[in-house]
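J.: Model the full assembly from the supplied sequences, consistent with the hints where possible.
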Amino acid sequence: ESFRLTAGGPQSASLPWIGVIQTLVIPESNRRLAAAGSEHEIVWREAFGGSLYKWQNSLEAVEIGLTDIGWVGALWETSKMPLQNVTYYTPFVTDDLLLLLDLFNDLHESMPALAQAWHEQNQILLGASGVDTYHLMTTFPVTTIDDLEGRKILAPGPSATWLEGTGAVAVNGGLSTYYTQLSTGVADGVLTILSGAYPYRIHEVAPYITLVGIGAQFNGGLAINKETWERLPPDVQATFAELGRDYSRTMGETVVARYEQALAAVQEEGATVVTLADDEKRRWINGLPDIAGRWVAAAERRGHPAGELLRAYMAAVRERGVEPLRDWDRAE
Amino acid sequence: MDRTTPTPAPQTRVEDVFAALIRWMNGAGVAWIFALMFLICADIAGRTLFARPIQAVPEIVAFSLVGCVFLQLAYAVQTHRLTHADVLLDYIRQRRPVAGLALQVAAAGMGCFVLSVIAIGAAPDFWRAFRTSEFTGVEGIYTLPIAPIKFVVVLGAVIAAVESLRQFLRRSASPAVPGQSARVLLAAIVLLGLLSLATALMQAAELGDQVIGVLTIVTVLVLIAFGVPIAVALLLIGYAGLALLKRDFGIATDTLSLAAQGTVAEYVFATVPLFVLMGLFVSVSEIGRDSFRAAQQVFGRIRGGLGVATVAANAVFAAITGISIASAAIFAKIAVPEMVARGYTARFAVGLTAGSSVLGMLIPPSLLLIIYGVIAEVSIGALFIAAILPGIILAAALAIGVLLMAWLWPEFVGEISADAGDGDSATVRGFLWAVFPVLLLILLVLGGIYGGIFTPTEAGAAGALAAMCLALIKRRLSWPGLWDVIRETGQVTVTILFLIISASTFSRMLTLTGLPADMAGYLGGSGLGLAGFLAGYLLLLIVLGTVLDSTSILLILLPLALPVVGELGGNLIWFGIVTVIGVEIGLLTPPLGLSVYVIKSTLDDDTISLGAIFSGAFPFVLITLAVTVLLMAFPSLSLIFL
Ligand code: NA
Ligand code: NA
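Taken in sequence, the protein lines are chains A and B. Just so we're aligned, residue 668 is where the first sequence starts under this note's numbering, counting upward by one. Just so we're aligned, residue 7 is where the second sequence starts under this note's numbering, counting upward by one.
If you are wondering where the hints come from, they were derived from the structure by calculation, not from laboratory data. Be aware that one or more of the hints could be misleading.
As the list claims (entries may be wrong) - Label-pair ranges, simulated between beta-carbon atoms:
| # | chain 1 | residue 1 | chain 2 | residue 2 | range |
| --- | --- | --- | --- | --- | --- |
| 1 | B | Phe56 | A | Arg671 | 38 to 46 Å |
| 2 | A | Gly841 | B | Glu494 | 56 to 64 Å |
| 3 | B | Val228 | A | Arg671 | 27 to 35 Å |
| 4 | B | Val549 | A | Gly841 | 30 to 38 Å |
| 5 | B | Ala402 | A | Gly841 | 35 to 43 Å |
| 6 | A | Glu776 | B | Trp30 | 36 to 44 Å |
| 7 | A | Gly841 | B | Val635 | 46 to 54 Å |
| 8 | B | Asp22 | A | Glu975 | 56 to 64 Å |
| 9 | B | Leu150 | A | Asp773 | 48 to 56 Å |
| 10 | A | Glu975 | B | Ala25 | 54 to 62 Å |
Stated by the list, open to error - Okay, derived cross-link-like pairs now, SDA-like style, lysine to any residue, Cα gap no bigger than 20 Å in a straight line:
| # | chain 1 | residue 1 | chain 2 | residue 2 |
| --- | --- | --- | --- | --- |
| 11 | A | Lys747 | B | Ala153 |
| 12 | A | Lys721 | B | Phe136 |
| 13 | A | Lys721 | A | Gly824 |
| 14 | A | Lys893 | B | Gly256 |
| 15 | A | Lys747 | B | Phe141 |
| 16 | A | Lys721 | B | Phe141 |
| 17 | A | Lys948 | B | Phe141 |
| 18 | A | Lys747 | B | Gly146 |
| 19 | A | Lys747 | B | Arg253 |
| 20 | A | Lys747 | B | Asp254 |
| 21 | A | Lys893 | B | Gly146 |
| 22 | A | Lys893 | B | Arg134 |
| 23 | A | Lys747 | B | Ala62 |
| 24 | A | Lys893 | B | Met208 |
| 25 | A | Lys747 | B | Ala129 |
All C-beta atoms, glycine included, are put in the ideal place defined by N, C-alpha and C.
T.: As structure tokens, this is what we get:
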């Protein structure tokens with residue numbers, strides 16, 4: 668018996684969280700089903716690159732079943748999925764993406780509220796996705812935090828809060844607009860991920876790269892429409908559940924590899940890379956207001972157990988041997 | 007049924023109130039667009055002067071566009087502004103009035119259906135957003151509630167659906183076919199029944215996805231040819247195709263609602279109202295005409311010089327407008343009367359005006375290049391720079407074409423005297439004074455973009471505000487004049503954005519058929535090579551350009567073409583330039599040529615027929631085509647400054 672499934676993504680397959688669906692999930696699903704002697708087969712229809720739906724609608728597209736399986740950007744769903752945004756409100760916790768993805772896949776199993784958030788959107792998370800740690804790319808050299816005073820730094824969404832206390836002005840934008848905004852001087856710098864910034868040639872217009880390490884981020888994941896899921900026989904469900912974990916690992920490894928390549932390539936292509944001095948980084952961290960506390964208060968007012976998640980998340984990080992640079996769960 | 011009076015029954019009291027509601031909603035949408043201009047300018051000023059950007063502006067503007075479209079949609083339906091091709095429809099109406107009217111009534115029925123589907127899909131969505139206090143933005147920075155916009159979508163879709171229903175029931179009673187309204191209505195219902203039956207049969211037949219894809223394309227072309235508003239045809243067939251492909255009407259309904267709310271909720275689409283607004287302010291302030299007259303005094307002494315002046319003035323105006331229809335509207339008012347007064351034939355004058363309006367979207371800033379940049383994920387700034395030389399080449403080719411035709415083909419161009427100057431010999435000072443305001447606008451817009459004050463998207467707002475100030479300084483803007491300008495802006499906006507929404511729905515459905523991906527695979531794997539692919543692509547652009555608007559073609563074709571170009575090693579910036587100029591040929595070709603339609607409606611002169619404008623523009627279609635081939639053959643012409 669064959670099942671017709673659509674796999675979709677709102678962005679180009681050159682991005683790891685989309686590309687791994689194409690290179691791993693689609694071919695492996697049928698290979699593993701066949702290897703296990705299953706009589707079920709999937710007939711895939713691929714729709715990547717935003718031709719089926721745009722990034723603003725990645726959650727809804729899976730919810731309504733426009734695509735059966737798709738990458739969902741939870742980072743854009745601050746209203747519907749606040750819990751899945753926790754890392755954006757806890758900067759400077761860890762730069763280890765693989766650890767983070769594994770941790771969130773586990774948390775989705777141990778903390779019912781997390782899985783429930785996806786069910787409420789008529790879908791199921793198969794595997795978490797994320798991005799490498801955030802750094803600073805600027806049109807001017809940065810040695811101390813004071814260099815940022817009054818500068819316009821591109822930091823859309825929750826990342827704007829990471830600039831609080833630095834004296835920089837947060838400016839709105841997106842990966843596709845950064846180059847123009849920086850080259851024309853609308854902005855003087857950007858808080859961004861190297862793996863994403865390199866293909867967009869951001870280092871050409873913002874050649875001063877300061878390795879800050881604001882943290883890797885959990886940004887959503889591979890999700891499947893709940894009705895589609897319930898229609899699938901148990902062996903296909905098991906294959907997808909297993910593929911979900913593999914998706915996370917392969918995606919994480921791809922991002923890390925891209926990060927390393929980008930870091931080497933930008934230097935070869937003339938960008939200046941320096942690591943922010945420890946005491947300056949400490950100043951930045953200490954200057955931040957209680958971002959996590961504000962987020963917990965706002966999310967709990969709307970009935971989401973954000974405080975419980977924050978404590979579970981920070982505990983899980985420490986359990987894995989990482990000492991967060993700021994203890995967001997122990998607000999002074 | 008009244009067999010004695012051929013006139014339609016007078017409007018009832020309910021209908022009067024309903025019409026007032028539609029007008030009121032339209033006014034609110036119009037005012038909202040005007041307010042967006044000030045909001046964006048406030049953000050620019052805040053960021054530049056006080057280092058205090060208004061963080062939420064991009065999202066406010068994006069969601070406002072959706073609200074504006076749905077507030078004004080019913081008015082556009084009521085005033086028949088939704089773009090439709092009426093060549094075949096006019097013919098049928100003359101030969102078989104009953105059949106012609108039945109087609110129009112059936113089209114109103116289709117409009118009622120798709121608008122109801124949008125409302126049905128959006129209503130639960132609104133209710134959930136309201137119940138859960140859904141917002142956009144980030145708590146602690148800014149949040150905007152979503153429910154009000156979703157409410158406007160539902161309200162707008164319902165009111166527009168009711169207006170379509172009113173037309174469906176009312177239009178059959180037309181003085182053109184006295185006493186036959188029952189026959190008309192019956193014929194329309196039979197037509198709609200046949201369409202539903204065809205869909206049901208196709209569903210039962212379990213057709214392959216690609217077959218469904220081909221059938222939907224053919225059906226859309228047929229519906230458009232028979233005068234169904236293009237947006238309605240695309241939405242209706244997109245919906246039917248989605249239902250067939252997904253074997254689920256619920257998903258199709260939700261997708262229509264998603265497309266209606268999501269497609270134009272992007273900051274870049276604000277360029278549509280803003281550049282239209284700017285163009286209309288330039289028109290009412292008459293600074294466009296002043297600089298045109300100045301150019302005429304420079305070029306007027308040569309045979310065909312006034313034609314060259316039209317091309318030159320269009321090229322200059324193109325540097326401050328993002329859309330060709332703004333150029334067409336302005337120069338129809340300015341250049342055509344001047345040329346006709348000096349002995350040019352009306353056919354040549356309107357044809358040249360249509361032909362040179364193409365420059366408006368090739369020379370930056372350009373809405374089409376922005377849309378291309380967003381779809382292809384390439385730098386819009388690089389596209390703008392790449393378009394400069396091709397724009398100059400096209401302008402030069404048009405000018406040379408005018409001079410050659412004036413010399414070799416006087417029966418087409420007209421009996422023009424070489425000495426066209428009318429005595430008030432231009433002093434250098436007079437010339438500068440006349441062109442100064444336009445130069446100021448160009449400097450402001452281009453300087454602002456390349457000097458880092460604002461983005462190409464924001465440039466429309468800054469340009470519109472500046473053009474409005476110029477019009478006020480020149481005392482050429484009254485209160486009623488201002489209202490006319492922004493109301494016209496609103497109607498152009500809703501027409502274009504609703505078209506984009508419907509084209510997006512259709513192309514989403516087409517993506518699901520796999521047809522574009524398979525065609526791209528076929529073209530890529532056929533070993534045609536880049537040259538062969540380009541030839542096929544240009545042909546496709548021209549064919550689609552006869553019936554579709556430029557934006558829809560880009561949205562449908564690019565996801566198909568871009569991977570192939572990448573695979574064949576073509577540069578995506580260069581491909582953007584040849585795509586935009588190729589797609590703009592469609593502005594001039596029948597049955598749907600938007601520039602030609604704009605000139606026709608702006609001139610409002612019964613002696614100049616649509617056919618005359620299309621045939622007058624034809625030589626310029628050939629010139630544009632030749633330049634397109636030249637740019638395709640020599641990518642370095644587009645990439646020289648990069
Ligand atoms: Na332009
Ligand atoms: Na056309």
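J.: Just to be careful, I want the Cα atoms of Lys747 of chain A and Ala129 of chain B compared with a cutoff of 20 Å; is the pair within it?
T.: Holds - the C-alpha atoms of Ala129 of chain B and Lys747 of chain A are around 18 Å apart, at most 20 Å.
J.: Holds or violated: Lys893 of chain A with Met208 of chain B, Cα cutoff 20 Å?
T.: The hint is violated at about 28 Å.
J.: Honestly, do Val549 of chain B and Gly841 of chain A meet the 30 to 38 Å range at C-beta?
T.: 35 Å, holds
J.: Lys893 of chain A and Gly146 of chain B: Cα distance at most 20 Å?
T.: 32 Å, violated
J.: Run the distance test for Lys747 of chain A versus Arg253 of chain B: straight-line Cα separation, threshold 20 Å.
T.: 28 Å, violated
J.: Please verify whether Lys721 of chain A and Phe141 of chain B have alpha carbons no more than 20 Å apart.
T.: This hinted pair holds, its Cα atoms lying about 18 Å apart.
J.: Checking one constraint from the list: CA of Lys747 of chain A to CA of Phe141 of chain B, max 20 Å. Satisfied?
T.: Measuring from Cα to Cα gives roughly 8 Å; hence the hint holds.
J.: Under the criterion that the straight-line Cα-Cα distance not exceed 20 Å, is the pair Lys747 of chain A, Ala62 of chain B satisfied?
T.: Holds, at roughly 19 Å.
J.: Tell me if the straight-line CA distance from Lys893 of chain A to Gly256 of chain B falls inside 20 Å.
T.: Roughly 15 Å between the alpha carbons, so the hint for Lys893 of chain A and Gly256 of chain B holds.
J.: Given the hint of 56 to 64 Å, is the C-beta distance from Asp22 of chain B to Glu975 of chain A inside that range or not?
T.: 59 Å, holds
J.: Using the beta carbons of Leu150 of chain B and Asp773 of chain A, state whether their distance is inside 48 to 56 Å or not.
T.: 35 Å, violated
J.: I want to verify a distance hint. Is the separation of the beta carbons of Val228 of chain B and Arg671 of chain A within 27 to 35 Å?
T.: Because 28 Å falls inside the window, the suggested range holds.
In this structure, the hints that do not hold are numbers 1, 2, 6, 7, 9, 12, 17, 19, 20, 21 and 24, in rising order.
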